[in-house]
Every structure is written in structure tokens, then in C-alpha cells.
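*Asks:* One-letter residues, chain by chain:
Number of protein chains: 2
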Amino acid sequence: MKPLRVAVAGLGTVGAGVITLLHDNAATVAARAGRPIAVTAVSARDRGRDRGIPLAGLRWYEDAAALALDPDVDVIVEAIGGTTGSAPALVRAALAAGKPVVTANKALLAEHGAELAALAAERGVTLAYEAAVAGGIPAIKAVREGLAANDLTRIVGILNGTCNYILTQMRARGIEFAEALAEAQRLGYAEADPAFDVDGIDAAHKLAILAALAFARPVDFAAVHIEGIRGISALDIRLAEELGYRIKLLGIAARTQDGIDTRMHPAMVPATHPIARVDGVFNAVMAEGDFVGRVVLEGRGAGAGPTASAVVADLIDIARGRVTPVWGVEAALLSAAPSVPIDARVGPYYLRLMVVDRPGVIADVTATLRDHAISLESMLQRGRSPGEAVPVVITTHDCEERAMRAAMARIAGMEAVLEPPALIRIEHL
Amino acid sequence: MKPLRVAVAGLGTVGAGVITLLHDNAATVAARAGRPIAVTAVSARDRGRDRGIPLAGLRWYEDAAALALDPDVDVIVEAIGGTTGSAPALVRAALAAGKPVVTANKALLAEHGAELAALAAERGVTLAYEAAVAGGIPAIKAVREGLAANDLTRIVGILNGTCNYILTQMRARGIEFAEALAEAQRLGYAEADPAFDVDGIDAAHKLAILAALAFARPVDFAAVHIEGIRGISALDIRLAEELGYRIKLLGIAARTQDGIDTRMHPAMVPATHPIARVDGVFNAVMAEGDFVGRVVLEGRGAGAGPTASAVVADLIDIARGRVTPVWGVEAALLSAAPSVPIDARVGPYYLRLMVVDRPGVIADVTATLRDHAISLESMLQRGRSPGEAVPVVITTHDCEERAMRAAMARIAGMEAVLEPPALIRIEHL
Chain H
11 MKPLRVAVAG
21 LGTVGAGVIT
31 LLHDNAATVA
41 ARAGRPIAVT
51 AVSARDRGRD
61 RGIPLAGLRW
71 YEDAAALALD
81 PDVDVIVEAI
91 GGTTGSAPAL
101 VRAALAAGKP
111 VVTANKALLA
121 EHGAELAALA
131 AERGVTLAYE
141 AAVAGGIPAI
151 KAVREGLAAN
161 DLTRIVGILN
171 GTCNYILTQM
181 RARGIEFAEA
191 LAEAQRLGYA
201 EADPAFDVDG
211 IDAAHKLAIL
221 AALAFARPVD
231 FAAVHIEGIR
241 GISALDIRLA
251 EELGYRIKLL
261 GIAARTQDGI
271 DTRMHPAMVP
281 ATHPIARVDG
291 VFNAVMAEGD
301 FVGRVVLEGR
311 GAGAGPTASA
321 VVADLIDIAR
331 GRVTPVWGVE
341 AALLSAAPSV
351 PIDARVGPYY
361 LRLMVVDRPG
371 VIADVTATLR
381 DHAISLESML
391 QRGRSPGEAV
401 PVVITTHDCE
411 ERAMRAAMAR
421 IAGMEAVLEP
431 PALIRIEHL
Chain F
11 MKPLRVAVAG
21 LGTVGAGVIT
31 LLHDNAATVA
41 ARAGRPIAVT
51 AVSARDRGRD
61 RGIPLAGLRW
71 YEDAAALALD
81 PDVDVIVEAI
91 GGTTGSAPAL
101 VRAALAAGKP
111 VVTANKALLA
121 EHGAELAALA
131 AERGVTLAYE
141 AAVAGGIPAI
151 KAVREGLAAN
161 DLTRIVGILN
171 GTCNYILTQM
181 RARGIEFAEA
191 LAEAQRLGYA
201 EADPAFDVDG
211 IDAAHKLAIL
221 AALAFARPVD
231 FAAVHIEGIR
241 GISALDIRLA
251 EELGYRIKLL
261 GIAARTQDGI
271 DTRMHPAMVP
281 ATHPIARVDG
291 VFNAVMAEGD
301 FVGRVVLEGR
311 GAGAGPTASA
321 VVADLIDIAR
331 GRVTPVWGVE
341 AALLSAAPSV
351 PIDARVGPYY
361 LRLMVVDRPG
371 VIADVTATLR
381 DHAISLESML
391 QRGRSPGEAV
401 PVVITTHDCE
411 ERAMRAAMAR
421 IAGMEAVLEP
431 PALIRIEHL
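Taken in order, these protein sequences are the chains called H and F. Here the numbering used here is used: the first residue of the first sequence is 11, the next is one more, and so on. Here the numbering used here is used: the first residue of the second sequence is 11, the next is one more, and so on.
The set of hints was computed from the structure by calculation and includes no laboratory data. Computed from a predicted structure; not experimentally measured. Be aware that one or more of the hints could be misleading.
Capping the alpha-carbon separation at 30 Å, the derived lysine-lysine pairs in DSS-like fashion look like this [what the hints assert, rightly or not]:
(1) 12(H) with 109(H)
(2) 12(F) with 109(H)
(3) 12(F) with 109(F)
(4) 12(H) with 109(F)
Hey, can you work out the whole structure from these sequences and the hints?
*Replies:* Take a look at the structure:
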């Protein structure tokens, strides 16, 4: 049967992984796809570099966008990365030329996905992105097809392996963030500039994409509230443990009465929940549907192998003619549900203060919480050290974020409160 | 757009659940499917019974197979169950008439799936069965499409919620099998006649199906080695715990040098592994691929809601025209890999004996193991009670099942060994 002819743009980890997989597993892929999948053209900047992959006989383009016009290319794999320059230029050119695109570029999809999906719909062309979210876990397929019969209520994800590795190490060994980060960098689990990962941006890109397909609305990255893990201390991880929780960088996309709530922040989750058990560089996606209940998927969220597995799964779908709209429904049926601001979040909180151990401090703190209509679930002063700093840990019943923040601002300004309080949301999954 | 017209045969839990979902989530389903999915005909025995579902206006057939000939039916949902009588008659009639079939009938697929898949291939018709394995978990889609780029090495599953519930209760509360079973029956988690579940047959049906699509060969239920959980004691669960293991009824399908190994039996798995943490009525499927690594899916394995979620996901695929061969590849490409007998299993074992506490017994037991070339990893006599019965626990290094069984037969025959030894395979996942 006629092979599906693929052009791979970008020969970094992802592009090279895809070429390696298509080479190593050619027979399996052909059987699953119903026909061979053959790479016929590539694009990358430095032609001379040895990438350890078989490139002989492939057409080479300096300009990635030119791949879209090659008449012997049926599908484009965009593995360039980035939100400006040649990646978006190639994707637009390919969709405009009526050629399906497979991309692992979460940043591009999160920031320009609404426009690109509209272009794909207009041209009736597939824009596939299984590899953009949770690496090798078939999360896009599971949510968009496998659970398609459900009204989904919530998606919760551990979507960044670097952060999960750091938090896992901090807990397992009682070390601080800076030490865990340095080690992750030494091991290659974190970049030299870790901001994109540890500040939650990469994970938020993926969450925005999951929210779009879970709730069938155009991706809206700007609506995601984002906090990273730099502020998490070994002390809070230890105290969480004592309270029966684990701290995870959690992405949450939920349907509420007022619209779609999307947020990425450290959260305390019950230690017995499957999500709390996902450790190290693994990712997980939990979906809740009205008929299916809770489904949890776990696997490797990054790396050449898992990413190539996801990219080629998309190619196999294309080879078989299995087509799904970008956000799961036709453009005309996309929802216009508004986004809910973080201020409207309702739930319990963990609040940890360092206070001077002297009479009256606790009374002042609790009075402030009362004034904001926040009711306490527990209050614990750790140890006694008159006149010195001691940690005070408070957990609350459900309250509104805006009330909690207002109370926090007052508490942080108290003379007896010695450093900025730690505030971590508790999520009962 | 033209609705997809569905006939539902069988109005028990599954059939009624499907009709309820298609009614309650009609708008979501239509959006995801690209067109409405409408039930137009049903079949069940007792027309008079109130099933609490909307049946007005639907054509009613006494004879399920007649649904296949209704010109106003596009797709058949077979929710009758059973491997003889009207279920297989309907599936055959529908496929012969060129109508896609969606079934939740694992027994039918496991026992007659090879023939039915061949008929579906011959007619070019879809035979879909997401609901047959692991209920609401999109395991079929994940393995057959999501991980399609991989050479899969192994599938491991917790595939029967009744058994998992019983084992979870036995561990959590230290109770014996009989008590846990009686309670599961009271709560509706186990049938009055529990044999199908607790003897491992239901789970083995699902494993046979997973093995077929993981390794792209016609389903071969007869090749599955099956042991249930009746022989598991509270003592062995407690001892497993002390050794760092949990006992689960595990389905394993693995590619070995000699062919495909498929077996369903209680196994000890490391307590820290995600599979060990799947408790209660939940199911899980772990797949290992050469590029993706390990992926674990967890969710509800049974019940009206999860099963309907899976059935309707299949209907949505059909409505969208997304087609996949039954075992993932065209009939001509199916593998003829042989099945490996359980005798050839190589791995560690847990052996627990009740022996008379007197000098020389342990020496006799260990000499017998040595004579069968089985090397010990650990040996532990629990407590001392001269002249009385005490448990002796042995764990071995990797050895062959046939050697272990031969040694066991000799050991069981020793005068000082007081009851049939417990032998449980240890699986390092």
C-alpha cells in the first residue's frame, strides 16, 4: 500500500526520536497504520552535525516552511519548538496547504492554538498533538475519544516531570528546593535556566490544552492562574506529611457554576490518593466524568522515547484516516464558557506562619481569620520557645480565595509574624 | 446531520446504562460524535418489566437477531451476555449484514473472538469492545491506538473488581477469604455464585483480549493459565506485607523468547509499585512498550456508568468513521506466535509451609529445593513452638515453574509438613 510520507522539521530530541522510532519499529508501525510510514524530508539548521540517526536519502530543507510545499510530503511533524519564527510559520503553511500537522509543541498550542485550530477546521485538516501533553501517556486520546461520552467535571494533572522530581526528592530526603534543583540540573532533569519548568509555565501550557478538549472550548492559556514551586520549603513538605498530605504541583481544570476554572499551583493532596503516589519524573492525568467516574493515567511525561511514541500514534491515526476535531467538537459547537478567576476558588487552605512565641499572637491571627469569615479546621503550634520564632500551622475549612488573601495580607503585616507566611491550597480529589 | 441509529440488545445493567447515557448526555455525545446518536430499537425478553429507562417510541424485538435486519438500524449494541444462544447469533447476524457491532461481552470475545474478528474483517465491518475490558478505563483504545507505535513487551492488569475488593478487605482487616467474600456478596460486589469472578475466569477473559491486541494475534483464551484467589489466606497476605509485597490477582501477558505467555493468578508485587496501590473495586492496566516505557491506567472496571461510557465511546468512533481492525492489524498480518505454557515461567517464588517445629525439617526442605536447583533468597521460621506447627516462609531467586512444582510435590509429601504448602509467584514489575 502507498506509504504515508512524512516530513520532520527539527532534529532535536523529539525529531530524532521520531525518526529513530519509525526506523526501529517500521514493521509494527506499518501493521498498525495499515501502510508504511516513511520519512521523506527533514529540516534543521545545521546540516553537518551528526545526530546518530539515519538521514541518507532524505530531502533536506533549510527553511522549514518549505516542507509544506513539497509535493512528496503528506504530513508534517513539527518538532522545532517555540512560539515564534519557523514553528508557527511551518504549521500555518502546512495547514494552509491542506497537509495534516503533528506537533509536540505545547507552548505553540497553548498560546496560538485557538487560531491554529480554527485554521485547521477551516481547511478540514488534522492538527494532532498527543505528544504535547504528558509525553507518552495517551492523555489526549483518552480524554477526547475514550471518555467522549461523558460530561467531564474535572481534569487534574501532574504535568511537569522536573517539578515532580524536585518535590519527590525534597520529600524523600528532607532537602530544600535549591539543593533539589541543583541535583536535577546535574542529572539532566532540569534545564540550566529552569524558570520555564519550576515556575509552572510548561505545565500550565499542557493544562490549558487539556482544559480546551475536556470542556470543548478554544484553548485559553491567559486564563490559567500559574504558581510554581520555588516557594515550597522542606518544612512545609514535612508538615504536610504529618497532616496526611503530599505537596504536588497540580494542574486543575474544573467546570464550576460560573465557568471554567484553570489553575496550576502547588497543592496538598491526600497521601492515599493515586495522584499523590505519582513520584519522580512521572506524569499523571486524572479525569472525572459523570458516567465513568475517576480515571487516572500515569506514565513518562518527557524524553525522546515517550514523545516519539505519542507523535507516531498521531501519524498512525492519520494513516488510518481516523479524524477528530482539534478540541473534540466542530468549531461551531465550541463552548464560550467564561473563565473563573483564582479569587473565586473555594476550598480549604494550609497556612504556615513563623511567629514570635509569646502570648496573644495566636489570638490575633485567629481573630483576623474570623474577621474574614474563615473557619479553622486545625491549629498547631510546633514546639515552645518563648520569645523565639516557632512555626504555627493552620488548616481551614472551605473558604473563598479572596477572603483568604485579604486575611493573609493582614496577618503578614503583624509585627509578631516574622517571615512571609506560606499559603498552600488543599485539594480533596 | 443524519443520526447514527442504534439498536440495543439486552436491557440489563449494560443495555439500560447505555440508553440512559445516550439520553442524559445527548448533546455532549452528538457534539463529540459529529451527529446525534439515537436508539431506535431494542430487544429483551420481558416487555412488561419497568426498567426505569425511556423506551417509548422504540421498536421492540423479541428475537435479538432480528435487529440485524432492521433497515432503520445502523449499529448493534450487544448487551445480552453469554457465549451461546442469542448473543453470538446476533453478533454473527449483524456482521454478516454489514452492520457494526459494539459489545461488552468479554466471554464471547474471549471464547469466539477469533472467529468473530475474522468474520468482521471479511465483511469490512467494525467489531468494537472497549467495554469488554476494564470497564470505563479506555484500555483498548490506549493499547491499540495510543501505544500503537510501540513493540509492547508486557501487559499487566488488575481486571476483576470483585477479587480486588476481596483481597483489599482481607489485607486491610486481616480477615479470611470466606468472610470477605460473604461481605462482598452482601454489598453486591460479588454474585451469589462467585466462581466466575473468584476463580479468575472473568479476569482471564479480559486478559486474553488484551493479549490479542497487544501482540496482534487472534484471541486465545485456552492458552491462559488460570488460578483464582480462593487459596489465599490472611496469613499469606500478612507475611507478604512483612516482605514488602502486596498480593493481587494479576493478569500478565508477556512476549518471551518462546512465544506469548498469558496467565492469571495471585501474585506478590512490590508494595511501592503503582499496581500494588490499586485497591477496592478499581481496575488497572499497565502496558510496557519499547519507546513509551511503562504506562498505567486506573479506573472503575464495572458498573452501569463506566460500562456505558465505554460502549458509547465505541459508538462515537463509529459515528465519526474512526476505524481500527479488531486486533489492531489486518487479518493477514496477525501473528502466529505460539503460547508459552505456565511450566516455562521463570521468576521468584514465595513458599509458605506449616511444619512441625523439630530439628531437621528445615534441612530436609532446603535439601529438596537444592536437588531441584532452586536457590533460596530468604528463609524465615516464624516463632518457636517445639513439637507444634509453625509457619516457615521461603522466598527463592528466579527458577523455573516446573522445577518449583516438582520440589513442591516432594515437600508436600513430607511427614513433618502439615498442610498443603502455599505457593505464590513473585512478580517484579
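*Asks:* Taking the hints in turn, state whether each one holds.
*Replies:* Against the structure, the hints:
| no. | hint | in the structure |
| --- | --- | --- |
| 1 | 12(H) with 109(H) | 17 Å, holds |
| 2 | 12(F) with 109(H) | 28 Å, holds |
| 3 | 12(F) with 109(F) | 17 Å, holds |
| 4 | 12(H) with 109(F) | 28 Å, holds |
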